[in-house]
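S.K.: Sequence:
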Amino acid sequence: MSEPTATTGAGSRDSDGVVTEKVTIELDRRTTTVPYSAGDTLLQTARMAGLAAPSSCETGSCATCMARLAQGSARML
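Following my numbering, the numbering of the sequence shown begins with 1 at its first residue and continues without gaps.
Some clues are possibly wrong.
What the hints assert, rightly or not - Using C-beta positions, here's what the derived DEER-type ranges look like:
#1 P35 x L69: 24 to 32 Å
#2 L69 x S37: 17 to 25 Å
#3 T20 x C62: 17 to 25 Å
#4 L77 x A49: 17 to 25 Å
#5 A49 x Q71: 16 to 24 Å
#6 Q44 x R68: 23 to 31 Å
#7 R47 x L69: 13 to 21 Å
Derived by calculation from the structure, the hints in this document are not laboratory data.
From a predicted model like this one, the values you see are computed outputs, not experimental measurements.
Glycine is no exception: its CB is placed at the ideal position from the N, C-alpha and C atoms.
Using the sequences plus the hints, can you model the full thing?
M.R.: This is how it looks when you write it as structure tokens:
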């Protein structure tokens, strides 16, 4: 299994004024661009997109879900 990667895109405002972004996730040689909501983790975003991202502890402690960030920025929640 290849290591997941993520790329963030420019944000935009929806009709309610909420800033939304898109992230591109590459997992198992498949590239998917999906909406990202502030406060969600990349793991949650991948799962909402129907991707089977590897995970174990669900808190980021065990590093099973660790991914390489190809572009943009990210922070631990």
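S.K.: Run every hint past the structure and note whether it holds.
M.R.: Results of checking the hints against the structure:
1. P35 x L69: 24 to 32 Å: Taking Cβ atoms as reference, P35 and L69 lie about 18 Å apart, which means the hint is violated.
2. L69 x S37: 17 to 25 Å: holds (18 Å)
3. T20 x C62: 17 to 25 Å: This hint is violated: roughly 29 Å between Cβ atoms.
4. L77 x A49: 17 to 25 Å: holds (18 Å)
5. A49 x Q71: 16 to 24 Å: holds (18 Å)
6. Q44 x R68: 23 to 31 Å: Once the Cβ atoms are compared, 18 Å apart, the range 23 to 31 Å for R68 and Q44 is violated.
7. R47 x L69: 13 to 21 Å: holds (18 Å)
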